[in-house]
Amino acid sequence: MRASKKIISSCNEQLDELRRGPWTLDEDNLLIHYITCHGEGRWNSLAKASGLKRTGKSCRLRWLNYLKPDVKHGNLTPQEQILILELHSKWGNRWSKIAQNLPGRTDNEIKNYWRTKVQKQARHLKIDSNSKIFVEALRQYLVPRLIEKLELSSPSSSSTSTSTMEINHKNFNSQPQSKETLMENTSSNSNIYSSNSKRIMLPYLPENSVQSNGYIVDNNNFDVMSFNQSNTQEFMSSDMPAFEFQMAGIDWTSNEFADDTFWNMDELWQFKK
DNA sequence: AAACCTGCCAACCGCTGCTAC
DNA sequence: CGTAGCAGCGGTTGGCAGGTT
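According to the UniProt record's numbering, the first sequence is numbered sequentially starting from 1.
Everything labelled a hint here was simulated from the structure, so no lab data went into it. A hint or two may mislead.
What the hints assert, rightly or not - Okay, derived cross-link-like pairs now, SDA-like style, lysine to any residue, Cα gap no bigger than 25 angstroms in a straight line:
1. 68 <-> 26
2. 149 <-> 73
3. 111 <-> 75
Could you put the whole structure together from the sequences, leaning on the hints where they help?
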């Protein structure tokens, strides 16, 4: 009895010693220095050996989400936003899996983006962000906006990057294609990118090819091929709530959208009750 | 100027799956 | 086979900053 009390007391003392909350600069430096010398992994022993009064979990999270050299900070690019929307429509809340296709972005960041930006729009619409209706709304309204912005902000961006994905804009609103056709069209020898085909270069290469009902993400080509505009009328009349979407009253050709704030989703959507 | 509200994001929590013993 | 320890994942929380009343 007395012994067990002693153990509990010891555990409590250890818990009391553990630091929580925001990391200090000194802690960051200590963690960076330790990982530089000894490498990452084995987080619990790392936490103890480094002298940090943090849990292994906390160290791992801090390193992966913030301190790791290849972690990118700052606003998500429109390319990244499009990719997130598509991958989420395919995989749902598999944040880490989605993050694997956005180099330098963490699952936490993508999760936060989804919750604060995308779900906010769903709340405005009073529909579930995981519902088919909302996914379709994204396809019909938001993604085209993002792609247009992408074009306008980088009209001559093609071939400027050595590591790129491409959006085949020509086919963006085309009729849906069969899976076989889609796969064929995005093969390495595809001739889908004919000379008059509009291309937008995306800066990242997903690690793995992805094919979904919206468009294809491929190591060599990023196609937006089959968002089905023709279904819009039927879809809107049958399933949409009793409000209407309204395209944002935006001058798409204006230079004001060169600014980062342009990519704020609030500016891309307007809702009218 | 102060109180209140809202959005953002870093960090924590609980759970699951894997692995070694 | 059962169990402990660990890493990783997704959901949630809390604090801060900026905006609004």
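Hints, one by one, checked against the model:
1. Our distance criterion of 25 angstroms between C-alpha atoms is met by residue 68 and residue 26, whose separation comes to about 16 angstroms.
2. Pair hint residue 149 plus residue 73 holds up; C-alpha atoms about 21 angstroms apart against a cutoff of 25 angstroms.
3. A distance of roughly 14 angstroms separates the Cα atoms of residue 111 and residue 75; the hinted pair therefore holds under the 25 angstroms criterion.
In terms of the numbered hints stated before, the structure departs from none.
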